[in-house]
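Quick mapping for you: the protein sequence lines, in order, are chains A and B.
Under this note's numbering, the first residue of the first sequence carries the number 1, and numbering increases by one thereafter.
Under this note's numbering, the first residue of the second sequence carries the number 1, and numbering increases by one thereafter.
Honestly, the hints are just simulated from the structure, not real lab data.
Among the hints, a few may not be true.
Just a sample of chain B residues kept apart from chain A, beta carbon distances all over 10 Å, derived [as the list claims (entries may be wrong)]:
(1) N124
(2) A140
(3) E187
(4) E191
(5) N322
(6) T370
Pairwise CB distance ranges, derived in the manner of DEER restraints [what the hints assert, rightly or not]:
(7) B:V126 / A:E445: 29 to 37 Å
(8) A:E378 / B:N322: 40 to 48 Å
(9) A:Q327 / B:P260: 41 to 49 Å
(10) A:T330 / B:N322: 47 to 55 Å
All residues carry an ideal CB built from backbone N, CA and C; glycine is no exception.
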Amino acid sequence: MRGIISTAGYVPYRRLARSSVAAFLGAGGGKGTRAVASHDEDTTTMGVEAGRSALRAVPAAAPSSVWFATATPAYLDKTNATAVHAALRMPSDVGALDLGGALRSGMGALMTAMTGTGTVLVVLSDQRDGLPGGTDECFGGDGAAAVVVGDDGPGAPVVAEYLGAGSATDEFLDRWRAPGDRRSRTWEERFGETRYVPLGREAWARALKAAGVEQAEVTTVAVTGMHGRAAKAFAAKLGLGTDVLADDLAGTVGQTGAAHPGLVLSSVLERARPGDVIGLVHLADGADALVLRVTEAHARWVPSRPVDEQVAAGAEVDYGRFLSWRQMLTPEPPRRPEPARVSASAAGRSEGWKFGFVGSRDHASGAVHLPPARVSMEGGAVDDMEPVPMADSPGTVVTFTVDRLAYSPSPPIVFAVVDFDGGGRFPAELTDVDADTLSIGDRVEMTFRRLYSADGIHDYFWKARPLRKVPPVADAGTARS
Amino acid sequence: MSSHGIRDRVAIVGMGCTPFGELWDKGLDDLIVDASTEAFASAGVTKHDVDAFWLGTAQSGMSGITLARPLQLEGKPVSRVENYCTTGSEALRAAAYAVASGAYDMAMAVGAEKVKDSGYQGLNAVNPPNDGTGRTLTAAAMFSMVAPAYAEKYGVDIDQLSDVLATISAKNHYNGARNPRAQFRREVSKETICASPRVAGSLGIFDCAGVADGAAAAIVVRAEDALNYTDSPLYIKALAFSTGSGSGLIDPGYDYTHFPECEWAAADAYAQAGITDPRRQLAFAEVHDCFTPTELVLMEDLGFADRGTAWKEVLAGTFALNGELPVNPDGGLKSFGHPVGASGLRMFFECWLQLRGEATPERQITSDKTLALTHNLGGYPGEMVSFVSVVGTQRG
């Protein structure tokens, strides 16, 4: 049996209230919220967070490959999956591939993994931009998902069996973006709809046939795609009622492009029960569909950070700051020098620290060194340490400050001295935080972020963020600070 | 292993110091020439009499050429030293040890920094190429973490602590107002200090050292030769230096309420100088008040006040110009300004003036004590270098 061993979504902490667009511009906007990647997030960092969550639930899973799919890559030419690979502390014999560019690539990666071999960590991530006041800005969203696909095995059982898939392909222009552009362009909406609805039906019919199930047996169907109107029309054509049609998170997260099939699938799987049959249809330059059956092992699968909880835990970002984060608006920076580019060789030497947040622990004294050191600060032993991964250790704020003068892409910098559970201290920058709500003694966790970019080089490293008590899911969609 | 010091073996016989400030019309070479010329004149010597030179500059130039070119020194040993904000003290330490060793008869230390050509606010360190994981915080932010930690540990109300810190700032402005070479020569009320814009944490503009250009210089000779140059030399009683391992940043045992590097340097300096009760034996002290919480904590690290009591002593006026132990009578970094490479030597310059009775009358300390202390630090809480010296007018 082959299928999904674990899955997780990542929804960034910040939400843009769509109503704030019209308040600022006088037009545009809409109802609900969209998820907004922080200024220190990109598709790679969001992918890392999703990957961490998916793997945390199945420690026994050992992927042989990492596939990273996005339509908004942090780098071209350079593989982005290698940063994900490094942040997840994967051994070098694990492959890392990008499947990028198009909105169809995420769903494609997922389907290819289903029919392939070995254990594959499929990471889907996207960050959707649009011009101020436009539909894409408002109804797009940022997010990621990670799906561990593989064969049923001890310690890492399949929680959703792959039953079959189907595709339908056609060459037509609905949505496009030239390399380097921040915004997408679209053809007249009706044209795409007339193409997508029949393509979706063809793909869905093929998937059902391949799976050997009737539509009536399907418990939940998730339909995703940037063409919202086509997705709705397709679902209506299939006669899918609200009891079957999954929440596509459009009202809270927005359409996360290449990531969305994975994100909605994660949300659906987290709520599913053994025996459920789940369909996933993604409309992008054709249509792709797959059908899964939830297994008995699902009952023992504990997602570490359910999508619904992340959706509910968001806090608002005002429209002005959102625009500055998206480089649609350039605020006056602090009068301080911008950081220099990262040295490739220095970063290469410190891969374990920089990407994996791996320190060292002195054998004799037990003292934890962050970053790793050769000579112990206690006892002075030389080269007698073992690596100590700290990324998953929560910590406590010992003291903190707000730096209003230091350079930051989004000032001010909030900075805290963090003592980790189990030993070790590190003075870390905080993120996803409102400084006026922070206190000594607050609990934090580490998160993989992009500190800044210089000369086209992204500086990836770890920050701390408040460990949040997640409100009840009944509060979903309401922002809290 | 032991730190023996060079007590009474070397004397300062001439000093110079430029006014500090935003000296848009002076370049580094001008500052160097001004301070050096004043020092030569003060000792009654010329550059040809000096056998070896040390230039302290943190980032205004590289190599001894930075000093040799403006002074046109030909063929002499000229070195550039750097050690964060203790750079100026390091230059003097090197010059004094060179003379004490017998290698040279006369040596000169020059500290100079041209900060205000960067176009940026505050001080800006230029880091070597790196992996991008280092902190990008300002010094103000690092030191701002001392205030809440101190308040918490000693049960000081945070508003009361603000008053303490404002008292320190107001005192240094009061002193600086009486110093014609200081960057900020006006008194500032505690109300103004407390209402100033925040820079980092609870620290406002008036909690931070002035960012200034400037230079200072000293000429040293063997103690037995000192009276050949001046009737009133300053004898070096102690030069102590301590460098932390940087582990304070990652050691869960460090609590941000003290600077061990400063405690170590002070203990060494007191041992070298034979000081057992600094508060009563010193006429005054020049300390590294880069930020107001730094000066507060230093009062305890240097043994001027018991742990947890410096805040009360500050409020009681112990360290005011007319107090029991005046601290920073020249206005300190706060008011005199902080040209990084010059600051350590600027502190010696105040000792040179005060102990010889040459300070402006409004700030001249009248005391029968003959010893003064300078304390200079560089770096941050948890990752610091520290220097402490004692100088005096009496040999032996």
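Mind verifying the non-interface call on T370 of chain B? Its CB should be farther than 10 Å from each CB in chain A. At about 41 Å from chain A, T370 of chain B clears the 10 Å cut-off, so the statement holds.
Measuring from beta carbon to beta carbon, are V126 of chain B and E445 of chain A in 29 to 37 Å? holds, 33 Å
Does the Cβ-Cβ separation between Q327 of chain A and P260 of chain B fall within 41 to 49 Å? For P260 of chain B against Q327 of chain A, whose Cβ atoms are near 45 Å apart, the range 41 to 49 Å holds.
So is A140 of chain B really clear of chain A, every C-beta pair being over 10 Å apart? violated, 6 Å
Beyond 10 Å from chain A, beta-carbon-wise, is N322 of chain B? holds, 34 Å
Holds or violated: 40 to 48 Å for the Cβ distance of E378 of chain A and N322 of chain B? This hint holds: roughly 46 Å between Cβ atoms.
Grab the minimum beta-carbon distance between N124 of chain B and chain A and tell me whether it stays above 10 Å. violated, 5 Å
Since E191 of chain B was said not to touch the interface, does its Cβ keep a gap of more than 10 Å from each Cβ of chain A? The assertion about E191 of chain B holds, with a minimum of 21 Å to chain A.
10 Å cut-off, C-beta based - E187 of chain B kept clear of every residue in chain A: holds, 25 Å
Within 47 to 55 Å: is that where the Cβ-Cβ distance between T330 of chain A and N322 of chain B falls? holds, 53 Å
Hint compliance for this structure: hints 1 and 2 are not met, and every other hint is.
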